[in-house]
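Engineer: Below are the chains, spelled out letter by letter.
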Amino acid sequence: MLSRIANNLFWMGRYLERIEHTARYTKVNYFSAMDAPIVLQKDLMLHSLLKMNGKGLAINEFNEQNVLQCLSFDKENPSSIISNIIFARENARGARDIISTELWESINKYYHFVLNYDQESYRTTALYDFTQNSIEQLTIIKGQMDGTLVHNDAWSIIKLGIYLERAAQILRAIHTKWEDIESLKGNEKENISILSHQLAALMRGLESFDMSRKHYRRPPNLHDSLEFILLNDRFPRSVLSCLRKVTQQIHVISAAKSLTKDSVEFLANKIYARLKHLTIEEITEDLPTFINKTQYDIYLIGAKLEEEYFPL
Amino acid sequence: MEHNKFFNFEYQASSENYDEFVSSDNIVRAHYDPLSAQFAQYKTEHYQKFNEEAKLVFFNEGITFAVYSDNPLGSEKIFPFDFIPRIIPANEWNSIEKGIVQRNRAINEFLKDLYHGKKILKDGIVPKELIYSSANMLSVMEGFDPIGGIYNHISGTDIIRHSDGEYYVLEDNVRCPSGVSYVLANRNTLKKTLPKLFSKCQPQPIINYPEKLLEMLQSVSPGNSHPNCVVLSPGMYNSAYFEHSFLAQSMGVELVEGRDLFVKNDVVYMKTIHGSQRVHVIYRRIDDPFLDPLLFNPDSVLGTPGLMSAYLAGNVTLVNAPGTGVADDKAVYAYMPEIIKYYVGEEQILKNVPTYRCGEDDDLKYVLENIEKLVVKPVDESGGYGISIGNTLSKEQIKEVQLQIQQNRRKYIAQPIMSLSVHPTYIEGEDTIDARHIDLRTFCLLGKSTEYVLPGGLTRVALKKGNLIVNSSQGGGSKDTWVI
Amino acid sequence: MSLYQLQYKASNAYASQVWGAYLKFLIHPYSAIGAQINKPYFSSNVEGEWWISNARQKEVSDIFFKSNTKFDSLEIKYSVLVDVPINNPFEKISLPIELEKRILDSNSWIIDNYRFIQSNPQRPKSYVSASDCSAFYWLNEGNLLDKIICLRDQVYHYIEFASGHTNTSTCAAEIVIIKKGVCQDFTHLFLGLLRHFGVASRYTSGYLHQGTETRGASQLHAWAECHIPEIGWMGIDPTNNLLVDHHYIKICHGYDYDDCLPVSGVLNSMGNQQSTEHQVIVQQIQ
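Protein sequence lines correspond, in order, to chains A, B and C. Start counting the first sequence at 1; every next residue gets the next number (our numbering). Start counting the second sequence at 1; every next residue gets the next number (our numbering). Start counting the third sequence at 1; every next residue gets the next number (our numbering).
Pulled out of the complex, with its shape left as it was, chain A reads as follows (with noise of 0.2 angstroms):
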């Protein structure tokens, strides 16, 4: 495969992702605000949702049809959804002799999907709607990905991509979830009910509050919800597991090639390693820094990858 191509894929398959990403967390969090405590009010919950897409607005023109506009609509903003399907979909057309019409299809119907959304309904009543219907097309695009393709390199590098990028999106939900509990004022923070709330807003925001219930069968508490999201190797929305997969489709791609210390399916695999034998208790310890090292880690795997298959 040409290195272009496989650039394409991989790209592809992190827009893509964080397309998901992004519309759960807004919708999550911008519904679950509506019947939090009184202290947390809505201000906090856009600044959250700003933080979560990595972007900022002046002061001046900081309002709730503003910030809304800005994560889904914006296409001045290169982490909006909009641009995103923009990016995905102009990725996908330069590999269309490698993916299947099923894929484009579904990439491409989404694409007119948000270009011809109402955007003054999303603002004022439609949010569900629209943030429902993205969420429920990315799975129908992921189905047709692994459904209608044939598992080989491309693959490979498109699951490279979502895996990736969901790692990321994890450790930059529970940092933007971090931030918002430690923004609250002394007294708030002691106070249960305010945290358990930021809590099931990350785990939904991520769909893992109700597994994480049935797997320790006790009221969510700050660890168990963090063991889950980041270290639960069978629960699909996990740093851990994602790695995993990782290394996994590394390891595919790099065929036959022996592995050397330079190499990104060693990186790889040491990470994940390392990741696989820390308890909770020690992330726990310092969990800012665990986040920046583990971000830092993941760009790490991509910029690698990026300068060992494909580089432009």
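Incorrect hints may have been included.
No farther apart than 27 angstroms at their CA atoms in a straight line, the calculated lysine-lysine pairs in the BS3-like style are these [as the list claims (entries may be wrong)]:
#, chain 1, residue 1, chain 2, residue 2
1, C, K66, A, K304
2, B, K43, B, K264
3, B, K264, C, K9
4, A, K109, B, K192
5, B, K264, C, K66
6, B, K264, A, K257
7, A, K304, A, K142
8, A, K261, C, K70
9, B, K341, B, K411
10, C, K92, B, K264
11, C, K77, B, K264
12, A, K109, B, K49
13, B, K49, B, K465
14, A, K304, B, K264
15, C, K179, C, K147
What follows is a set of in silico ranges between Cβ atoms, one per label pair, in the way DEER data are often shown [stated by the list, open to error]:
#, chain 1, residue 1, chain 2, residue 2, range
16, C, E49, A, V150, 32 to 42 angstroms
17, A, L312, B, P89, 31 to 41 angstroms
18, B, L403, C, L99, 39 to 49 angstroms
19, B, H226, C, L99, 48 to 58 angstroms
20, C, K180, B, E129, 33 to 43 angstroms
Just a sample of chain B residues kept apart from chain A, beta carbon distances all over 12 angstroms, derived [stated by the list, open to error]:
#, residue
21, F79
22, A90
23, D123
24, Y168
25, P222
26, G223
27, M236
28, Y241
29, S276
30, P289
31, L368
32, L393
33, I398
34, L403
35, L468
The set of hints was computed from the structure by calculation and includes no laboratory data. Using N, Cα and C, we set each Cβ at its ideal position, and we do this for glycine too.
Since the structure of chain A is already known, use the hints to place chains B and C on it.
Structural biologist: Just chains B and C now, with coordinates in the frame of chain A:
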């Protein structure tokens, strides 16, 4: 009159143009009998259905072309397809085919001569000024011998039928002629739309074109029994991207862009996820000035630096060879009968349209005085741009054209207004079948020891009533072409 | 034979960082007419690969340099040994005038030399109009070589050798006005006039041995080559008012300077502001 209800419509045969379907006394030409009989069974609803079905096939398969416009991303359009096939009887086709081969062989010899001894100029057959001032004469090609001695591996000869019933060559295209993917797509679509008629008529097959193309590409590889052939495209924003991708896919070769290739030690490689892989033959669909920023346009990002060095070192074959543009210049066209005679030693089989060369004093005088009877064309534009058709111009416009010609004489040629033949065509929106002008782009492959002409070719149809310009960028459509 | 050690040095500084380059150097000696070339060696402060291409014509070799590293300055050094056969231009004998004239006027001479005989306003560096030529005259009598030499003398005296008044994009028509310049300018004007008078002539770049008191020896030098029946392409140096002998080591030729750029190529960078310095050392070993 009963017998002109061929389509359950009053099909009005054209009086001033040659009608492919009926003779001047309104009788269906023999080779259209099966088609006429079949179509007589259909009603308007059927036509609508055929038209919709055909459109759907194109849409679903993404057979589109991009239109240049203000939108930087361009927009994709379906190439309009007319489901009534054009039929060429096999005996007529045989002579067209011979004419095409003869003509393109002669062009090849002409190019070889221009880049070597230039005998044709020294013998005074073609005036030397014509070649000297051509921007398409590439000095780096002087003395270079392409593998197999082939320059115009792929040629697109455009042919029309005039009101006298004779075929004429309208122009030669020996740079990167496009359109062949539509021929294959049209056939594919029509098979699905009209299977019965298709099996009754059994037109000569065209399905093996990609195979023939690959065979030709492999035949000019610089010494490797398993040559790696690729299609080089400017990228997905190019108007013919569909075709590039279609050809690569149907030959089973890689579709590359300039940035996928690099040159080291005069050898071309492509970058893959498993390292670099040598490339032997490049079917390039980018024009000469963009091939190599080191030799031509330094600002071009479409090509690959060092590509021409690799080519001139004989380590990679470019198809078509660089510098072929000097031969399909419309000013050279005028000398084609002499060129054929000079190299092949035969009279031309396919006729040339009489051509006035504004660079010559007598011709210029005639052209300036008779613009209303002539088609004036710039010699260096493609896609139907810059053409003035005399009988459609106002007095002011005629003056303007006269001025343009005088400002740059060599840039213009003029030809009598040829009347393109007409063919029954379904008119969308009006639900009728009416006569529309058509031409024919043929495709000829020349390899080391192979030659092949695609039976039929691309029949282009001007969908606007009375319009003579059939290019897709100017609102033309196409038809499947059957050689029976 | 005269054996020379040639050294070419260039240093380029770039305003913004470059990540990757594909460069072509026209600095390798021309290999025709018996010159023997040995031990070419290219080095650079930037990691990369280099090779000698002999694709363009058999006699001309491009040196390519390809790098994928990041850098903001590039220094290259090239050295080569070249053995040039003794060349005495005064031994060359022209054909009888009548015969020479017949050849020069023949269609086939004009056709074979078409690339270098035409005045081409599209290539203004060596283009002069009829009015630009009014300050010069063309001998009516004698051999072509005599006429060329006469014109060379006029160009030599017309232009004052001085650097800093022109650059690599100065055109012949400007030289006519400012009357100052360096070897490229002498050559461009000379070529423009030659072609105006119907002589097939081409721009030539190369090294010049500095042993004698010549102009233009510390840089790449430029002169003209004229095509003369029977004699062939003969080098004429309007800058030094000399005929070219074995002190001149040719690299390549073309229509004008643009065909002989010592460095050209593609850089991956945001800006392309650059400053370049070239240095040439020619040492005679035997």
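Engineer: Does each hint fit the structure? Answer for all of them.
Structural biologist: Comparing the hints with the structure gives:
Between K66/C and K304/A, the direct Cα distance comes to roughly 22 angstroms. Compliance with the 27 angstroms bound is thereby established for this hinted pair. Between K43/B and K264/B the CA atoms are separated by roughly 64 angstroms; this puts the pair beyond 27 angstroms, and the hint is violated. Restraint check for K264/B and K9/C: satisfied, since their Cα atoms lie roughly 23 angstroms apart, inside the 27 angstroms limit. The hinted pair formed by K109/A and K192/B meets the criterion: a straight-line CA distance of about 26 angstroms does not exceed 27 angstroms.
For the suggested pair K264/B and K66/C, the alpha carbons sit about 8 angstroms apart, so the restraint of at most 27 angstroms is met. Note on K264/B and K257/A: the hinted pairing holds, with a Cα-Cα distance of about 24 angstroms set against a maximum of 27 angstroms. Of the pairs offered as hints, the one joining K304/A and K142/A holds, with about 25 angstroms between alpha carbons and a cut-off of 27 angstroms not exceeded. For the suggested pair K261/A and K70/C, the alpha carbons sit about 23 angstroms apart, so the restraint of at most 27 angstroms is met.
A distance of roughly 26 angstroms separates the Cα atoms of K341/B and K411/B; the hinted pair therefore holds under the 27 angstroms criterion. Only pairs whose Cα atoms come within 27 angstroms are accepted, and K92/C paired with K264/B is rejected, the gap being roughly 42 angstroms. For the hint linking K77/C to K264/B, the alpha-carbon distance of about 20 angstroms falls within 27 angstroms, and the restraint holds. The straight-line distance between the Cα atoms of K109/A and K49/B is roughly 25 angstroms, inside the 27 angstroms bound, and the hint therefore holds.
Of the supplied pair hints, the one linking K49/B and K465/B holds, its CA atoms being roughly 23 angstroms apart against a limit of 27 angstroms. With a C-alpha separation of about 24 angstroms, the suggested pairing of K304/A with K264/B holds against the 27 angstroms cut-off. As the CA atoms of K179/C and K147/C are separated by approximately 22 angstroms, the hinted pair is consistent with the 27 angstroms bound. Under the hint 32 to 42 angstroms, the C-beta atoms of E49/C and V150/A, about 36 angstroms apart, fit the expected range.
Between L312/A and P89/B the Cβ separation comes to about 54 angstroms, which falls outside the hinted range of 31 to 41 angstroms. The given range of 39 to 49 angstroms is respected by L403/B and L99/C, whose C-beta atoms sit roughly 48 angstroms from each other. Between H226/B and L99/C, the C-beta spacing of about 57 angstroms keeps the proposed range 48 to 58 angstroms intact. The given range of 33 to 43 angstroms is respected by K180/C and E129/B, whose C-beta atoms sit roughly 37 angstroms from each other.
Listed as outside the interface, F79/B is consistent with that label: its C-beta sits roughly 17 angstroms from the nearest C-beta of chain A, beyond the 12 angstroms cut-off. Every C-beta of chain A lies more than 12 angstroms from that of A90/B, the closest at about 36 angstroms, which supports listing it as non-interface. Every beta carbon of chain A lies more than 12 angstroms from that of D123/B, the smallest distance being close to 48 angstroms; the non-interface claim holds. With a least beta-carbon separation of about 39 angstroms from chain A, Y168/B lies farther than 12 angstroms from that chain, consistent with its non-interface assignment.
For P222/B, the shortest C-beta to C-beta distance to chain A comes to about 22 angstroms, beyond the 12 angstroms cut-off, and the non-interface label holds. At roughly 24 angstroms from the closest C-beta of chain A, the C-beta of G223/B stays outside 12 angstroms, upholding its exclusion from the interface. A beta-carbon of chain A is positioned within 12 angstroms of the beta-carbon of M236/B; the least distance is around 6 angstroms. At roughly 9 angstroms, the least C-beta separation between Y241/B and chain A is not larger than 12 angstroms, which violates its mark as non-interface.
Against the 12 angstroms criterion, S276/B falls within the reach of chain A, whose nearest CB is about 9 angstroms from its own CB. With a closest Cβ-Cβ approach of about 23 angstroms to chain A, P289/B is found to remain outside the 12 angstroms limit, as its non-interface label requires. Every Cβ of chain A is farther than 12 angstroms from the Cβ of L368/B; the closest lies at roughly 49 angstroms, confirming the non-interface assignment. A cut-off of 12 angstroms between C-beta atoms confirms that L393/B is not in contact with chain A; the least separation is 42 angstroms.
With a least CB separation of 46 angstroms from chain A, I398/B remains clear of the 12 angstroms interface cut-off, as annotated. In this structure L403/B is separated from chain A by more than 12 angstroms, as the shortest Cβ-Cβ distance comes to about 45 angstroms. Listed as a non-interface residue, L468/B keeps its Cβ farther than 12 angstroms from every Cβ of chain A; the least gap is roughly 35 angstroms.
The structure shown violates the earlier hints numbered 2, 10, 17, 27, 28 and 29.
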